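Please arrange chain B on chain A, whose structure you already have, making use of the hints.
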Amino acid sequence: MTIQRTYEEINTKIRSGKAVIVTAEEIIPIVEKKGIEKATEEIDVVTTGTFGPMCSSGAIINFGHSDPPIRMQKVWLNDVEAYAGLAAVDVYLGATQPSESQGMEYGGAHVIEDLISGKKIKLRAISQGTDCYPRREIESYITKESINQAVLFNPRNGYQNYNVAVSTSDRKIYTYMGILLPNIGNANYCTSGQLSPLLNDPQFRTIGIGTRIFLGGTQGYIAWEGTQFYPQTLKDEEGRVIYKGGTLAVIGDLKEMSTDYIRAAIFKGYGVTLVVGIGIPIPILNSEIMKSVSVKDEDIWTEIIDYSFPHLKKPSLGRVNYKQLREGKITVQGKDVFTSPLSSYAKAREIAQKLKEEILKGEFLLQEPIQKFPQESKFKPLLEIH
Amino acid sequence: MLSKKVIFTFSPQNVERPVTYQLIKDYNLWVNILQAKFEPSLGGKLVLELKGEDKQIKEGLNFVRQIGVGIELLEQEVLWDEKKCIDCGACISICPTGVLSLDKETFKLKFDYEKCIVCGNCVEACPLQAIKVIF
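Protein chains in written order, with my numbering: chain A, 39 to 424; chain B, 875 to 1009.
What the hints contain is simulated information worked out from the structure, not anything from laboratory work.
In this text the structure is predicted, and so the values were computed from the model without any measurement.
Check the hints yourself; a few may be wrong.
What the hints assert, rightly or not - Lysine-lysine pairs mimicking BS3-like chemistry, simulated, CA-CA at most 30 Å apart:
no., chain 1, residue 1, chain 2, residue 2
1, B, Lys978, A, Lys392
2, A, Lys71, B, Lys919
3, A, Lys71, A, Lys399
4, A, Lys293, B, Lys957
5, B, Lys957, A, Lys182
6, A, Lys210, A, Lys361
7, A, Lys158, A, Lys112
8, A, Lys71, B, Lys957
9, A, Lys306, B, Lys1006
10, A, Lys367, A, Lys352
11, B, Lys957, A, Lys306
12, A, Lys72, B, Lys978
13, A, Lys373, B, Lys957
Bound conformation, chain A alone:
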């Protein structure tokens, strides 16, 4: 008998404490032992997790109005400029924006982390002044308690798959993929592989607009497809599927988040970024979905890319799977090199476990997508037109 489940059936089981939930790692030996059909029968939800640097992140903040009021036209939080071209006291604070006094040592991501941890943030704003908003400048301090809204809204998070970065240059280079040593001296990669949300539902059967997710320690939602969303897959000459670029735009209440699952980071020579913790529960609606979530590191392939090449299309130096990468050493053009994950597998595992526990306790219910992502998308370059 082929199992079919609905979201409502799964949520009913969660509410009555009868749902069976495992993580995307725990499901692997279960499927190996019992097979897809039996596992589909027994398991209701599989949880995934990722905790890595996600540069396209930021926060929407509303400060409330001062008396006399000001229509803020330029705003700085701890000397980090936030975009103020939205009404009077709304800003968007980008994670990668550097501090004007400390440069790359502090940035938007640090302001976000400091806000979450309850610290006082220095606010400075200037304006031309208008009849309805006469004030021309303000300096004050804010905390997450003092402001109206602080909403994390990240336009591109949770990359489905990502390149392995190496460098053939004769000098050390500093990239968003970390420090790359000369002459293919190391290799850096950045996904949680078999635990990664979009690698466990690569066809986006259950992940779409409106999906409830674990975001930074609280419950958030998928707002849209992520920017640069590219759902198509490639097949290499040996028939292996290479996932490229499914991405997510996510949203959630910053005030409820925890610095255990959101952290500011600095990549030397590149800049500031935000390390974001995301977990997505995947409902086992049928055996096709069970097949997807039982994916193993050795079945997920990615390309080794030369980041020293200064153009958009960088040369590929071969392919490798995540089992090889996670073992700590790979061979690139005949050379054995150490690998670095950049994305924390230990934390990804912790997030998938935490999400599992929240669902088991009935605190987290599954939300069916309100709308699915597009099946196809174009990845357009920026043309220089004169």
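Okay, now just chain B, sitting in the frame of chain A:
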């Protein structure tokens, strides 16, 4: 056979003493210079790996202390703030001696201080500024 990594701090008064020569000749120690930074008028720092019998290492270090050279054991000089660390592993691949790795079971970072040559690569690679080297 013991192996120890040490930092010697020289003052202008003792900067010209041939310490490595004496450790080799008088104490029969195997000496590997990992880092050296000297300015004759100001003093200097020397990071060494010493191998030898326990007694000889102790006596050799005692001699160095007697001539007024500061001694610190290297383990104390690599400061890894485990609370800040998120186990991302960015430090692993740039380490020339394989000091850093992820535990095969827990995937948490491991530090094998024995192998460390205090090059500082991990310090600049750590996105969370969780590693410091004092040199």
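Structure-based check of all given hints:
{"no.": "1", "hint": "Lys978(B) x Lys392(A)", "verdict": "holds (21 Å)"}
{"no.": "2", "hint": "Lys71(A) x Lys919(B)", "verdict": "violated (59 Å)"}
{"no.": "3", "hint": "Lys71(A) x Lys399(A)", "verdict": "holds (27 Å)"}
{"no.": "4", "hint": "Lys293(A) x Lys957(B)", "verdict": "holds (22 Å)"}
{"no.": "5", "hint": "Lys957(B) x Lys182(A)", "verdict": "holds (24 Å)"}
{"no.": "6", "hint": "Lys210(A) x Lys361(A)", "verdict": "holds (27 Å)"}
{"no.": "7", "hint": "Lys158(A) x Lys112(A)", "verdict": "holds (20 Å)"}
{"no.": "8", "hint": "Lys71(A) x Lys957(B)", "verdict": "violated (38 Å)"}
{"no.": "9", "hint": "Lys306(A) x Lys1006(B)", "verdict": "holds (14 Å)"}
{"no.": "10", "hint": "Lys367(A) x Lys352(A)", "verdict": "holds (22 Å)"}
{"no.": "11", "hint": "Lys957(B) x Lys306(A)", "verdict": "holds (21 Å)"}
{"no.": "12", "hint": "Lys72(A) x Lys978(B)", "verdict": "holds (25 Å)"}
{"no.": "13", "hint": "Lys373(A) x Lys957(B)", "verdict": "violated (35 Å)"}
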